[in-house]
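Student: Dock chain S against chain E, hints included.
Each chain is listed here by its residues.
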Amino acid sequence: MAATETSSSSNPSLFYRLFFDKELRSVTIQVITMALIFAFFFFIVNNAITNLEAIGKGYSFSFLWDASNYDINQTLIEYNSRSPHWRAAVVGLINTLLVAVAGIILSTIVGFLLGVLRLSSNWLINRVVYVYIEYVRNVPVLLHILLVHGIVVNTLPIPKNAMMAFDGTLFLTNRGFYTPKPLFEPAMWAVLIAFVIGVGFTIWFKGYAKKVQDATGKIYPVLWISLGAILLFPIIVFFLAGVPLTLEYPELKGFNFKGGLVLRPEFVALWLALSLYTAAFIAEIVRAGIQAISHGQTEAAFALGIKPSRTMSLVIIPQALRVIIPPLSSQYLNITKNSSLAIAIGYMDIVATIGGISLNQTGREMECMTIVLAIYLAFSLMISAFMNWYNKRMKLVER
Amino acid sequence: MSTERSHAVGEHPELPPPSTEVGIIGWVRHNLLSSTTNIVITVLTIYFLYVIIPPMLNWIIFDAVFSADSRDDCRAIAKAAGHEMGACWAFIGKRFEIFVYGFYPVEERWRINLSFILMLAALVPVLFDHVPNRKQGLWFSLAAPFIIGWLLLGGMGLEPVPTDKFGGFMLTLVIGVTGIVGSLPIGIALALGRQSHMPALRMVCVAFIEFIRGVPLITLLFVASTMLNYFLPPGTTFDLLLRVLIMVTLFSAAYIAEVIRGGLQALPKGQIEAADSMGLKYWQSMRLIILPQALKISIPGIVNTFIGLYKDTTLVIIIGLFDPLCMGRASLADTKWQGLSTEIYVFVAIFFFVSCFSMARYSLYLEKKLYTGH
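Here the protein sequences come in this chain order: E and S. For the record, in the first sequence the residue sitting at position 133 is 133 according to my numbering, with numbers rising by one throughout. Going from the second sequence to my numbering is simple: count from 1 and add 1000.
Bound-form chain E, shown alone (with noise of 0.2 angstroms):
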């Protein structure tokens, strides 16, 4: 107490204490702060009232609403030149999609494998895939869509002389790859609705086989169980339905195909670039994963005579994915967000529709980017929240 007062009464200046008392100088950094934020703020909002005003715009999304007056190369929903500038925006989202999911499966794919062989015994096939991963890694992305897209463009034959591939279901064409389209008849519904049931009694049945094996130590085949319930269920059904699906084949028609199922160049260039780009950090990333758990558990899982296979699937597997998946999860977020480069070789992702060709349009730049970056945003904030939900499941696992 008298300590207090005497420091107080040397110092008696709240103006002084505000800058070298340690608990009030943290409040008055934070003050200012704050304040410079906020008057940075209104300083730029104003400027952009002030400059919105004086060159008569306003910040309005009603031009979302007008036609949109190009056209989109590949579309997988309803769109034409007369559909608004909203639709573009959504035909732009969902090219985005397709992209970073088939980028994410193929290059989730191409990484493990590359990942494992990089562990290999083999000194061949380890230094190739070093070789592949340290050239894939130290060349920009941008380049690596430019030059297969290049590839696919200059060195495929044209559709008059197209590569045919699988006995004619695969043209391999400069104008893009076409493949026989599955045309679907209504009583598919039957198949999707017995694969979700399938689904459904997998989830319930790996429950129960895990109470029963917890009470009475009798392990049921749930693997084969499940795989029965997810793939040979519907595919009976699928048969007994009358095969509810017709192929329909490209032709070629004049200079191009007609028909069947298109995947154009562009997006063929950025999905392989992308995926290839991407495997080759997802290759170290499970190299270090794998890398991570110390011989030991293998060996402690073997004295206590569990098989290699369970070893595998319960003692290793799920101790590396706890270091894989959060570097994992953000190079999936790197391909969604790397696959903003398509507007370099003019694949329509949502950059080039809304944030491109409409903003160009419109010159509507302010309400363009806003949605360009919130829809971003909202990608990666999902992801996030993905992550905090995994890191905290994998904490309780943790002791």
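Possibly wrong hints are sitting among the right ones.
Stated by the list, open to error - Partial selection, computed: residues in chain S whose CB lies under 7 angstroms from chain E:
#: 1; residue: Asn1031
#: 2; residue: Tyr1047
#: 3; residue: Val1051
#: 4; residue: Ile1053
#: 5; residue: Leu1201
#: 6; residue: Gly1214
#: 7; residue: Val1215
#: 8; residue: Pro1216
#: 9; residue: Tyr1230
#: 10; residue: Phe1351
#: 11; residue: Phe1353
#: 12; residue: Ser1358
Note that these hints are calculated values from the structure, not bench results. Because the structure is a prediction, the values reported are computed rather than measured. Yeah, the Cβ is synthetic: ideal placement off N, Cα and C, and Gly gets one too.
Tutor: Chain S alone, transformed into the frame defined by chain E:
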């Protein structure tokens, strides 16, 4: 035979290992053919290399044309030599200066060369310990950015050069080096802010970092090029290169901040408590105890971020700055050289590979140098 016994009575003399276990044969057996799977993998890999490597080498070296005056010339030379046309490197040779200097005025190019030498000289004392007069050298390194800025931009006795003449590899270096130099201090500040006990400060840093990391760089560059002018007082204009520099720096600062936060979180709490109990003030304990250790842990991440930033400089092509790719494409507009885009991509890729790979190697060297065992 009166040879000395090299072994005790009753023991067999040591035999040399079987020839199948040592030397080249042993190595091949152990590393390439140790099991059936391994044999299959080896054979498949050799076949794969056989398919890929010869055509690649042919294109890059054996069938390539190194001096010619146009693409048709390249083709004619290849035909005269009796092989397919490989890469037409003559094109890169003829346009080399454009690739390096961009549209910088020809008579002023010595300034870029001098800046490059100054940059290398300034890097030496920063990167390596054992250089004579390191302390004076570091002062020079601190002053070098300003000298280089003056040399490149001109003014004060030199012919001023507008930034829209910047291009080629020189532009890559300007953006990359500025981003690297600028983003480290900002990143450290952001990381410390995010770890701070003051909620307001923490919130601001978190919001900034998460926003930047949540959006692609290309959208930020679009913001810089299309709408930044709206946020400035009416009538101000703002150099495009400067806008890009600011955006790239802030972008990579957010990533650096997260890397350093990882380093800070990896430090045991006892370190800061020990520093507190020694009576060190906040900045003293940060400067002397916390940051040296945290930065050491984060070196691989920091260098990776730098490499990412350096690679991302290629994106400026999309908002109309003249990076090497753009210079290459501009040269293709010349009818003499049309259709040689692959050569450009490969050339630029080699440039990036060399610079990024050396950065990665330096980071390994640094890790080894700073490794203390705990």
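Student: Now tell me if each hint is right for this structure.
Tutor: How the hints compare with the structure:
For Asn1031(S), the suggested interface contact is upheld, since its CB lies about 4 angstroms from the closest CB of chain E, less than 7 angstroms. At about 11 angstroms, the closest approach between the beta carbon of Tyr1047(S) and any beta carbon in chain E exceeds 7 angstroms, and the interface hint on this residue is violated. For the restraint placing Val1051(S) at the interface with chain E, the shortest Cβ-Cβ distance is roughly 13 angstroms, beyond the 7 angstroms limit, so the hint is violated. At its closest, the beta carbon of Ile1053(S) sits 10 angstroms from a beta carbon of chain E; the interface hint therefore is violated under the 7 angstroms criterion.
Interface hint at Leu1201(S): satisfied, since its Cβ lies 6 angstroms from the closest Cβ of chain E, which is below the 7 angstroms cut-off. Checking Gly1214(S) against chain E by beta carbon gives a least distance of about 3 angstroms; that is within 7 angstroms, so the hint holds. A least Cβ separation of about 4 angstroms between Val1215(S) and chain E falls short of the 7 angstroms threshold, and the interface hint therefore holds. This hint holds: Pro1216(S) has a C-beta 4 angstroms from the nearest C-beta of chain E, less than the 7 angstroms allowed.
With its C-beta approaching chain E no nearer than about 5 angstroms, Tyr1230(S) sits inside the 7 angstroms limit, and its interface hint holds. Here the hint on Phe1351(S) is broken, as its CB sits about 9 angstroms from the closest CB of chain E, past 7 angstroms. For Phe1353(S), the suggested interface contact is upheld, since its CB lies about 5 angstroms from the closest CB of chain E, less than 7 angstroms. A distance limit of 7 angstroms between C-beta atoms decides the matter here; for Ser1358(S) the minimum to chain E is near 9 angstroms, and the interface restraint is violated.
In summary, the numbered hints that this structure violates are 2, 3, 4, 10 and 12.
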